[in-house]
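Engineer: Sequence lines, in order, name chains A and B.
Per this note's numbering, residue 1 is the first one in the first sequence, and the count goes up by one each step.
Per this note's numbering, residue 1 is the first one in the second sequence, and the count goes up by one each step.
Don't take every hint at face value.
No copy labels: a pair is met if it fits in one copy or bridges any two.
[Claimed, not checked] Below, in silico cross-link-like pairs of lysine-lysine (DSS-like), each with a Cα-Cα straight-line distance of 25 Å or less:
id, residue 1, residue 2
1, LYS31, LYS422
2, LYS107, LYS494
3, LYS383, LYS419
4, LYS217, LYS107
5, LYS105, LYS494
6, LYS571, LYS341
7, LYS400, LYS286
8, LYS571, LYS439
Honestly, the hints are just simulated from the structure, not real lab data.
These figures come from a predicted structure and were not determined experimentally.
There are 2 protein chains.
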Amino acid sequence: MLRTNTCGELRIENIGKTVVLSGWVQKVRDKGGMLWIDLRDRYGITQLILEEGKSDAAVLSVARSLSREDVISAEGPVIERSAKNANITTGDIEIQVLKLTLLNKSKTPPFTIEDDTDGGDELRMKYRYLDIRRTPVRTALELRHRLSIETRKYLDSFNFLEVETPYLIKSTPEGARDFVVPSRMNPGEFYALPQSPQTFKQLLMVAGIDRYYQIVKCFRDEDLRADRQPEFTQIDCEMSFVTQEDVLQTFEGLITHLFSKVLNVQLPAFPRMTYADAMRYYGCDKPDIRFDMQFVEMNSIVKEKGFPVFDSAELVVGINAAGCSEYTRKQLDALTDFVKKPQIGATGLVYLKCNSDGTYKSSVDKFYAPEELAKWAAAFNAKAGDLILVLAGGADKTRKALSELRLHVAEELGLRDPKVFKPLWVLDFPLLEWNEDEKRFFAMHHPFTSPLPDDVHYMSTDPGKVRANAYDMVINGVELGGGSVRIHDRTLQKQMFSILGFTDEEAQNQFGFLMNAFEYGAPPHAGLAFGFDRMCAIFSGKDSIRDFIAFPKNNSGRDVMIDSPSVIDSKQLVDLGLTINK
Amino acid sequence: MLRTNTCGELRIENIGKTVVLSGWVQKVRDKGGMLWIDLRDRYGITQLILEEGKSDAAVLSVARSLSREDVISAEGPVIERSAKNANITTGDIEIQVLKLTLLNKSKTPPFTIEDDTDGGDELRMKYRYLDIRRTPVRTALELRHRLSIETRKYLDSFNFLEVETPYLIKSTPEGARDFVVPSRMNPGEFYALPQSPQTFKQLLMVAGIDRYYQIVKCFRDEDLRADRQPEFTQIDCEMSFVTQEDVLQTFEGLITHLFSKVLNVQLPAFPRMTYADAMRYYGCDKPDIRFDMQFVEMNSIVKEKGFPVFDSAELVVGINAAGCSEYTRKQLDALTDFVKKPQIGATGLVYLKCNSDGTYKSSVDKFYAPEELAKWAAAFNAKAGDLILVLAGGADKTRKALSELRLHVAEELGLRDPKVFKPLWVLDFPLLEWNEDEKRFFAMHHPFTSPLPDDVHYMSTDPGKVRANAYDMVINGVELGGGSVRIHDRTLQKQMFSILGFTDEEAQNQFGFLMNAFEYGAPPHAGLAFGFDRMCAIFSGKDSIRDFIAFPKNNSGRDVMIDSPSVIDSKQLVDLGLTINK
Numbered sequence: 001m002l003r004t005n006t007c008g009e010l011r012i013e014n015i016g017k018t019v020v021l022s023g024w025v026q027k028v029r030d031k032g033g034m035l036w037i038d039l040r041d042r043y044g045i046t047q048l049i050l051e052e053g054k055s056d057a058a059v060l061s062v063a064r065s066l067s068r069e070d071v072i073s074a075e076g077p078v079i080e081r082s083a084k085n086a087n088i089t090t091g092d093i094e095i096q097v098l099k100l101t102l103l104n105k106s107k108t109p110p111f112t113i114e115d116d117t118d119g120g121d122e123l124r125m126k127y128r129y130l131d132i133r134r135t136p137v138r139t140a141l142e143l144r145h146r147l148s149i150e151t152r153k154y155l156d157s158f159n160f161l162e163v164e165t166p167y168l169i170k171s172t173p174e175g176a177r178d179f180v181v182p183s184r185m186n187p188g189e190f191y192a193l194p195q196s197p198q199t200f201k202q203l204l205m206v207a208g209i210d211r212y213y214q215i216v217k218c219f220r221d222e223d224l225r226a227d228r229q230p231e232f233t234q235i236d237c238e239m240s241f242v243t244q245e246d247v248l249q250t251f252e253g254l255i256t257h258l259f260s261k262v263l264n265v266q267l268p269a270f271p272r273m274t275y276a277d278a279m280r281y282y283g284c285d286k287p288d289i290r291f292d293m294q295f296v297e298m299n300s301i302v303k304e305k306g307f308p309v310f311d312s313a314e315l316v317v318g319i320n321a322a323g324c325s326e327y328t329r330k331q332l333d334a335l336t337d338f339v340k341k342p343q344i345g346a347t348g349l350v351y352l353k354c355n356s357d358g359t360y361k362s363s364v365d366k367f368y369a370p371e372e373l374a375k376w377a378a379a380f381n382a383k384a385g386d387l388i389l390v391l392a393g394g395a396d397k398t399r400k401a402l403s404e405l406r407l408h409v410a411e412e413l414g415l416r417d418p419k420v421f422k423p424l425w426v427l428d429f430p431l432l433e434w435n436e437d438e439k440r441f442f443a444m445h446h447p448f449t450s451p452l453p454d455d456v457h458y459m460s461t462d463p464g465k466v467r468a469n470a471y472d473m474v475i476n477g478v479e480l481g482g483g484s485v486r487i488h489d490r491t492l493q494k495q496m497f498s499i500l501g502f503t504d505e506e507a508q509n510q511f512g513f514l515m516n517a518f519e520y521g522a523p524p525h526a527g528l529a530f531g532f533d534r535m536c537a538i539f540s541g542k543d544s545i546r547d548f549i550a551f552p553k554n555n556s557g558r559d560v561m562i563d564s565p566s567v568i569d570s571k572q573l574v575d576l577g578l579t580i581n582k
Numbered sequence: 001m002l003r004t005n006t007c008g009e010l011r012i013e014n015i016g017k018t019v020v021l022s023g024w025v026q027k028v029r030d031k032g033g034m035l036w037i038d039l040r041d042r043y044g045i046t047q048l049i050l051e052e053g054k055s056d057a058a059v060l061s062v063a064r065s066l067s068r069e070d071v072i073s074a075e076g077p078v079i080e081r082s083a084k085n086a087n088i089t090t091g092d093i094e095i096q097v098l099k100l101t102l103l104n105k106s107k108t109p110p111f112t113i114e115d116d117t118d119g120g121d122e123l124r125m126k127y128r129y130l131d132i133r134r135t136p137v138r139t140a141l142e143l144r145h146r147l148s149i150e151t152r153k154y155l156d157s158f159n160f161l162e163v164e165t166p167y168l169i170k171s172t173p174e175g176a177r178d179f180v181v182p183s184r185m186n187p188g189e190f191y192a193l194p195q196s197p198q199t200f201k202q203l204l205m206v207a208g209i210d211r212y213y214q215i216v217k218c219f220r221d222e223d224l225r226a227d228r229q230p231e232f233t234q235i236d237c238e239m240s241f242v243t244q245e246d247v248l249q250t251f252e253g254l255i256t257h258l259f260s261k262v263l264n265v266q267l268p269a270f271p272r273m274t275y276a277d278a279m280r281y282y283g284c285d286k287p288d289i290r291f292d293m294q295f296v297e298m299n300s301i302v303k304e305k306g307f308p309v310f311d312s313a314e315l316v317v318g319i320n321a322a323g324c325s326e327y328t329r330k331q332l333d334a335l336t337d338f339v340k341k342p343q344i345g346a347t348g349l350v351y352l353k354c355n356s357d358g359t360y361k362s363s364v365d366k367f368y369a370p371e372e373l374a375k376w377a378a379a380f381n382a383k384a385g386d387l388i389l390v391l392a393g394g395a396d397k398t399r400k401a402l403s404e405l406r407l408h409v410a411e412e413l414g415l416r417d418p419k420v421f422k423p424l425w426v427l428d429f430p431l432l433e434w435n436e437d438e439k440r441f442f443a444m445h446h447p448f449t450s451p452l453p454d455d456v457h458y459m460s461t462d463p464g465k466v467r468a469n470a471y472d473m474v475i476n477g478v479e480l481g482g483g484s485v486r487i488h489d490r491t492l493q494k495q496m497f498s499i500l501g502f503t504d505e506e507a508q509n510q511f512g513f514l515m516n517a518f519e520y521g522a523p524p525h526a527g528l529a530f531g532f533d534r535m536c537a538i539f540s541g542k543d544s545i546r547d548f549i550a551f552p553k554n555n556s557g558r559d560v561m562i563d564s565p566s567v568i569d570s571k572q573l574v575d576l577g578l579t580i581n582k
């Protein structure tokens, strides 16, 4: 071992011990007769000291030649520091260097290896191996490791088996676009990389592996939006002989365990909300419930008072920004500008100030008398000092816009504390979504999701009305995972495919192996999957997943560090029987 | 939960408790007034009993309709069996069924779900989800899970971080053939699937993650031999600031931990052997040392005695099959036939029987007087009753053939007990192999392996002579894993690429990102990787890895269950900008 200890390990009680440390030069301070080096490794920073007289001239000369990020090894006794540093765990001691070896020289790095680096995103990605040396990125990867270790511990203790499912599978046109892999041994044919191990985990249930999990890479060839990655990691789980309630309990238990073990945060029992309520009260299927600010629908109190915008709107709906009645004209204008941004899409914003003197001030005073405005305030349970913000228009679009406004206002009011965690189950999603372009239903979750027992009869009469036996786990307005009770009956599965517009032949061709398996004793089963990259970000209170992935790709799907994808040998193309179109 | 207990759980102390069990019907025995069902799940088998009079007629009628592999749920009290079954853990009790639910009907499975099934390989693969219901396959997957859990536990306790490296990487022509993935967003360009995370783990060392591991899928597009899979799993590890000795200690520790925790087998310290000795004494680089039977080279005692075959041979070398002097003519002929098989390639076999009466009998008596044969026996330390088997010819080929004969004879003598485990480190492999076809050196391990410090000076003068700082772990004649101390110096790495025939431009183009990284303070580092599929097989004393993979592919790289690879949509090809050659 080229070290006896790490740079994060030595304490006052180690004084007198001769140690060898190895690591990177964080900083050199040369004061003439004395010279200090901050030596860094994964575990921390330890100060090295060299003094003329006490260290060899040769050793001092090596030390004087050092620059940032050189890799060195230093040997000497641990001594007590005269000026202690309470900011680092090793701040009580330093190493009096008697031997010093330069293990590898470094060029000057293109950005500083500091918590707040001067490197931009693109540069950091190109030199990701330097970026990972920075504490924020390293601790992100350490958190990821810890979460995966604790996930496995918990699931193992409940008899879940981790089973590896294949990466070279079969392409299916349903859902997102697959990455495909040409087969050289079977010319003209392709494997696909899995978008999830969905069908395989269901086959494992048929196979009697009644509790399965896997922390597994998945792949989707989508046009990348910010913070989407073509490859991402799921914690994928499935159970047999269970009801929805069992799945909710089990995975609420997992997340509670993770928060407790990894963050020392004790979560309360998770509240549950139907999809219908989530849409009605929060305008989205993953509400952030760290704060209240529920939607109040106002159609019954605002219509037919002569205000044409409200009269013609399908929905008039608002939120109460408590304590904001003193918002200035400028602040209100900024909110209006916010809702009018194309990605929000509202046409305007109506406000009602509930002034501290009990009077009301609204942008639509002209149409609503004070006693009408008092009715608004009552509907919101608004108190003096509150500010009511109202949008109007088509119901879906208006809810979506108000949901964005709600988050925006909460952000401004500091109600979205990243250290506060509010989990939630959202239940009873619709089974199907109507696609107006293709004039057919699509599965909202996926085609293996079972309908709620109460709604099965709608499958043949009114499929759009069927609620799914599906659930999402949401924390702080972010979907952490989701799943469903699966269809385990071949006839129901066939009916589902037929509603989705598959001919029997297409269904058989694409999912025949699963439907055939269902004929040989498929148990009732259910499961869910967590987005692991996202989970890491949530645990850290971060929005971006990128720093929780060791080597992420950019928004064009490129790895700028290794410069991939790239052209391949023409011989390789010949072997694969492929030609690139000009 | 559709059960209160599993089918492997109930014992005599549970008598009186009312339980619900769910699982698959293993067997129904109907004796008229009484009917027994063996109910199976992942955890075991529990007997259900139904009696006329005690169970409802409706319940009995459901029971009578059941057939193998139907999925049912049964409720009733645990009672004591009159005829106990000591062969199963639940054999003291049975369930008196009061309620019985058919959860899903099964067609008759195409083979029996028994330890010894009547299903052939192809059928078992096609219906893998039924095959996994069989105990031998299920326990293989359980062993795999246990090994991965314990591997992570051990490595985590030594501060190794599991870091996920990307699957969509860059194709490199060196080594085996890559699977490639066309990029739709970057037309004409391809990702490659990793053959191993080698370069990424080295980058993680540059990044300061000084102990890394990952249990990770790797991909190689090779023509498949028996028991090779296009996708396979590695336990991939790397460490910084270590010497070879540290790596050997750490991973000897891992394997010792796994044998102790998973099999309750205590391994001794691993002996170490140089590659040169392995070849000299065993004729192969992964000797099975469960038994001795070392090679003895006989050139000095057999040449120039008038036997032209030995006189013209580069090497005459033999083994002592102790206690086999009574082998019959038929047995000796069979051994001769064995070595003459094309895949072994010897031209003949010479034997010497050391008879129990002290005389010698050899197939080459004509050329060697008894006192000459006595010299042979002495060279082997042979005792009366032993049988010496000798091959002659070109040195490499003869060693290889004798190695096969050694294993074959040991197998016949029962010396290869799958319950006995003899680990071994093989060290000091050659760095390079000369390829006669391409007239250039290839890296024996990979191009990042460092030379032994003592041999560095040969790099420029006689590269073929350089030994690598590389090591393989071998158990029972199978390579479990291997690795090396890596090159961390850019100049040495450049020299290595140049010996391998890369121009600077090619090296920069393919591995520039790694060589550039080496300029920014690469620490000394070393690592290794274990073949995880193979490890599972070794722990079970099995030769084939296939049952340790949930969903393996056949020898043409096909998954016969899902029928993949397959043709894809022409639209998908257009999106990728590819045409399939006619």
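Engineer: Run every hint past the structure and note whether it holds.
Structural biologist: Cross-check of the supplied hints:
1. LYS31 x LYS422: Neither: 52 Å inside a chain and 59 Å across chains, both beyond 25 Å.
2. LYS107 x LYS494: Only across copies: LYS107 and LYS494 sit 17 Å apart there, 63 Å inside one copy, limit 25 Å.
3. LYS383 x LYS419: Neither: 28 Å inside a chain and 78 Å across chains, both beyond 25 Å.
4. LYS217 x LYS107: The answer is neither: 35 Å in one copy and 34 Å across copies each exceed 25 Å.
5. LYS105 x LYS494: Classified as between; 16 Å across copies, 65 Å inside a copy.
6. LYS571 x LYS341: neither (51 Å within a copy, 36 Å between copies)
7. LYS400 x LYS286: within (12 Å within a copy, 65 Å between copies)
8. LYS571 x LYS439: between (45 Å within a copy, 20 Å between copies)
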